[in-house]
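Q: We have chain A; now place chains B, C, D, E and F onto it with these hints.
There are 6 protein chains.
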Amino acid sequence: MSETRVDGRSNDQLRPITIERGWSAQAEGSALISFGGTKVLCTASFTNGVPRWMAGKGKGWVTAEYSMLPRSTNERMQRESIKGKVGGRTHEISRLIGRSLRAAVDMKALGENTIVIDCDVLQADGGTRTAAITGAFVALVDAIEWGREKKFIGQKAQAIVDSIQAVSVGIIDGTPMLDLAYTEDVRAETDMNVVMTGRGLFIEVQGTAEGAPFDREELNALLELGTVGNAELARIQAEVLEQ
Amino acid sequence: MSETRVDGRSNDQLRPITIERGWSAQAEGSALISFGGTKVLCTASFTNGVPRWMAGKGKGWVTAEYSMLPRSTNERMQRESIKGKVGGRTHEISRLIGRSLRAAVDMKALGENTIVIDCDVLQADGGTRTAAITGAFVALVDAIEWGREKKFIGQKAQAIVDSIQAVSVGIIDGTPMLDLAYTEDVRAETDMNVVMTGRGLFIEVQGTAEGAPFDREELNALLELGTVGNAELARIQAEVLEQ
Amino acid sequence: MSETRVDGRSNDQLRPITIERGWSAQAEGSALISFGGTKVLCTASFTNGVPRWMAGKGKGWVTAEYSMLPRSTNERMQRESIKGKVGGRTHEISRLIGRSLRAAVDMKALGENTIVIDCDVLQADGGTRTAAITGAFVALVDAIEWGREKKFIGQKAQAIVDSIQAVSVGIIDGTPMLDLAYTEDVRAETDMNVVMTGRGLFIEVQGTAEGAPFDREELNALLELGTVGNAELARIQAEVLEQ
Amino acid sequence: MSETRVDGRSNDQLRPITIERGWSAQAEGSALISFGGTKVLCTASFTNGVPRWMAGKGKGWVTAEYSMLPRSTNERMQRESIKGKVGGRTHEISRLIGRSLRAAVDMKALGENTIVIDCDVLQADGGTRTAAITGAFVALVDAIEWGREKKFIGQKAQAIVDSIQAVSVGIIDGTPMLDLAYTEDVRAETDMNVVMTGRGLFIEVQGTAEGAPFDREELNALLELGTVGNAELARIQAEVLEQ
Amino acid sequence: MSETRVDGRSNDQLRPITIERGWSAQAEGSALISFGGTKVLCTASFTNGVPRWMAGKGKGWVTAEYSMLPRSTNERMQRESIKGKVGGRTHEISRLIGRSLRAAVDMKALGENTIVIDCDVLQADGGTRTAAITGAFVALVDAIEWGREKKFIGQKAQAIVDSIQAVSVGIIDGTPMLDLAYTEDVRAETDMNVVMTGRGLFIEVQGTAEGAPFDREELNALLELGTVGNAELARIQAEVLEQ
Amino acid sequence: MSETRVDGRSNDQLRPITIERGWSAQAEGSALISFGGTKVLCTASFTNGVPRWMAGKGKGWVTAEYSMLPRSTNERMQRESIKGKVGGRTHEISRLIGRSLRAAVDMKALGENTIVIDCDVLQADGGTRTAAITGAFVALVDAIEWGREKKFIGQKAQAIVDSIQAVSVGIIDGTPMLDLAYTEDVRAETDMNVVMTGRGLFIEVQGTAEGAPFDREELNALLELGTVGNAELARIQAEVLEQ
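Residue numbers (the numbering used here), protein chains in the order written: chain A, 2 to 244; chain B, 2 to 244; chain C, 2 to 244; chain D, 2 to 244; chain E, 2 to 244; chain F, 2 to 244.
The following block holds chain A by itself, in its conformation from the complex (with noise of 0.2 Å):
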């Protein structure tokens, strides 16, 4: 892993990373989160109460949208508003979100209120869903500590169980790499999401050969690094949320 990548980085190192919290005036929480060229950013709305039928179970729910921006790209794409419905891709990432942040929280100890996180690609360069669970991560911690505040929230209840980061990882000329900018994405071989919680365990696995069918060695590789990658994510966002 020693070969230099475009940006000069090495093959186990991420972009730069910088999260600015409470970007948002409006939101309970917000983080605008960059991973090199991708600004992703994430809001979490906090609503007193859950829809209607999860009322009663004394729990709560957290739930996200993903979507881009039309000129986030290198070439306009039309809104899906406009086209009148959310693309497949969008519902895909979306979900994906959403589970992954679920995986973070105490239903029980979040009560019944529901916790929408909402991230908005302003500029896209590779790996945009794992910058917005990333980012969204940090918007949902200041989302419950809004509502604690607000007595929505037991004040003991530790509606956090653990810390949520993402990164792709990807095999380029049969070489495993750390977090994919958008030029690398596009000549991967193999492409792979890893979700994983501040203390190493896995949430989310999906690896998809877009080349050549790959091996159980390779994806070993490229678990290796989506760990190694996590948990630089992780150590990055405990410095921002203890500031």
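Quick caveat, the hints were computed from the structure, so don't treat them as lab data. Hints should not be assumed to be uniformly reliable.
Below, computed lysine to any residue pairings styled on SDA-like, alpha-carbon distance capped at 25 Å [as the list claims (entries may be wrong)]:
hint, chain 1, residue 1, chain 2, residue 2
1, F, K84, A, K151
2, E, K84, A, A56
3, E, K86, C, R90
4, F, K151, E, Q79
5, A, K84, C, R80
6, E, K84, F, Q79
7, F, K86, B, G88
8, E, K86, A, T115
9, B, K84, A, V187
10, C, K86, E, Q79
11, A, K60, A, K151
12, C, K86, D, I83
13, C, K86, D, R96
14, F, K84, E, Q27
15, D, K84, E, M55
16, D, K58, E, T184
17, F, K84, D, R96
18, F, K152, E, M78
19, A, K84, C, R16
20, D, K86, B, R90
21, B, K60, B, I237
22, B, K84, A, T115
23, F, K60, A, T115
A: Just chains B, C, D, E and F, lined up with the frame of chain A:
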């Protein structure tokens, strides 16, 4: 007009205006504009060619789309992509921005090129449509410059005929005020959006009695105030574009 | 303003206006209004009660929907029901009509009742939105009278606070003209819709530079002309309502 | 069949029928038809050429769209454009009208031209689909005549092969009746729409047991009645078309 | 009627009919029915309770939905879910099936229960709607039996008042024929669907002139043939239900 | 892995698998596959030519659509065609099936031909997506063979590069199990779908922590089990295809 407003401004004073020109690394032109707490990301996408129904006339086309992030507002709004349709207000504002910007452009000089302006409200605190128009003009200028550099537009063509600005004005408790923040907008009896050119001519005047109907004198006072505000915005735009 | 127009009118003259009050045997109030070749069927539907989100405030609600028959125009348009979505122009005009009519009504006096105004353009020859507003007011008055007779509205309640009229004005070849027919509208440099009350106050002013921007003097001339036209429309409405 | 109906008609008598031929100043053919309180505006839009999938076969195309104004009925219905979809009943009737009118036309003689018939119900009091078909035929004839005058159709081509009429029949309290008004339609045990040609042949027969199933004898009685009613409608159409 | 058809049947003969009762392990009632190459999976879903607008009247509700798998036909059709709307033909057939089955049921005896019948065409070779109705009746009977066993329906209630069958008939080259296969249907001048009860009464008669209009004598011949075919279908249903 | 499951299987045992190759008389390739109570009808539609945006590259295209019949499940689901939109889960699975099958195909060898695979779930009892992929491969092979016979594909072209299978695995009460039935799936802490080639390479790995996060060791156990199951499925496919 000596009364002081909630944020300490005088009645004929704009909120702090900032314009981050070239915010986006992807778009041909872009600006992140703030009118106080209102923040709008404006991108201009340049495409060589025009829609088929316009082809062969030697003229260009400029259009715009406006949208609000779901949590740009104090309470989260449902996404229009999820609803499956674009609301009346969104349509109305998109059309207003498009009409206003077309007034800035000599379509013959633009040649058979299309520019799509996206105005996405990241944070809303009143005056989102006027901020959008004012920021979009900056993005438009840069996209046209990009087209000239790429030789899609003639080197001597004067595609921009004048600058375009917009500001809201309103009457609150009988007093005309400039550039209403959200809490002011809600209280206004009359609300007016004034779109003007840098030379001080009108492009669009939209005045609405929200509470009581207004007389000719009040209308005149609002037009004066709009003229003052737009002159100041034109100055700021010019400053930003000179850099 | 001595120049003669294509149909022989002077510049400050309305087209022939007719209002068939009570055209519909089904609606609580109705009017078939013509502004020259423009014919709009306005019906007002009265419902006792208000939408749930308004209940318990002792106030009523008035809203409007505008639509054009597919062959009301010179070339057949596709139906919005077939397209599966309502276009921006339709939305915009529906909202304008609703806002304008609400300015005629004291919602407290109306009580918890809802009136929906439908304005369906049977034939279009310019000024459909202004004809719609003017005709809708007549339908509204009759629907409110119906509500009073049925005892849904208090017998002494003055639900109507003023009459509402609307007319278009525009500048053609530098000359301001009243109540533009379609062929005039297409040629207008500036186009303005003026909604006023019977007492001569403004409800809505929407002026747009279609060709060249307009100056303050032109704006003033248009406002004068709109005032003249609306006064005449108010007289015709009053005549029809006295029968 | 000696029993008297609510409006004094005998059981084999049509309601008063009126046809205002050429009602629309815009359409190539039009008719405002009344069957008693039912009023339908039928317009025929002629276009030279056919949809791409039909081109080059030397044949024309006739299609129809049916719609009801929201307050054509006693209770206001939601617009299908607002719902975002066309309902089953609307689809079904549009298809019936189109099929019926195509039976009147020799597509070879029509040549590569398209006629779209719009039937918009302005007021509904039973039998809207049968009134629509009967009125649409008049509009169709005039649109074809227009096409001949404009030389889009051969001067000697006999594009119309026969006239088309339609009427509803039903069984109420065991008695077969012709041309049901809304209050009768609601009470009918069996309801049938009969579309015929001027020569007395059947185009479409749609009989439905709303209450009790019907036997062959009742079916025969309804067919007789439909034949009587359609013959009278054919006479009225011919009269209107001779003027 | 001695002429032989493409598959060797006589003109008054049905195709081979098979009914697999209870095909689905999930639904309360189900049948996989074949009319020759046409295969329709009919499931009946029983729900205790009725839609809110029907509640408190002591009556049940039966409704149906028809759909074709995209490759049930010779050329693949686009899915209606992908198009985002249900087509006119689908709507029309769903409504026909629902109306037909409701004629089999005493809604008072059904009590406040809802049965939704789904008819999904797995393979289409003409007569899909008539096969659907015939198979759906079997599924309906079993769903009602299920409701009785679960005590949602009174033990002595006779919810089924008669059996329901349907068959298509048509005139091909001047000859009336029973139960048209797809290749026959395409060639038919007149096409009729006849829905009847086991006792031989009519529920629905829908005859359409696809080619030439038809006279009364032809109509009579088709009704005879439909009566013959439905009697045979009733016999087969009874046999299947006795097992 | 000696513990016995609800249906008596061992933890590394598949449910009974059946594949009815050529079920459909209409499609170019088809298979009705069962994984226990899960039944999926897979059809492959072959079209000569590719979408316009792919033309001229000498390559083919394979895509897939997944859908569930409304009563394939224990409780009836609303149809997506009625809702007017395709849900996120449906989109996600359609995309997965398409990606998986494309991995089986050499697009150059396929030439400019398009194959659309439809996977319609007739009955659902867990593992519908994995059954769909496994059955779809059989349909795909036959559609390609059809294309070869029709000379749309070169006679020597090896369009199929490997077989494709898929199976679900999961951890229940801490024990890894193969091919989960619905009642098992609901209880699983971790759920994984493994798509592989006949040669034992990975195409897609999607593991999700539904309950508790999983560690690397558990992930390894699941991958082993998936490999075992897919090898068995490959054997069954081969057997079916040899007939």
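Q: Which hints from the list above does the structure break, by number from lowest to highest?
A: 1, 2, 8, 9, 19, 21, 23
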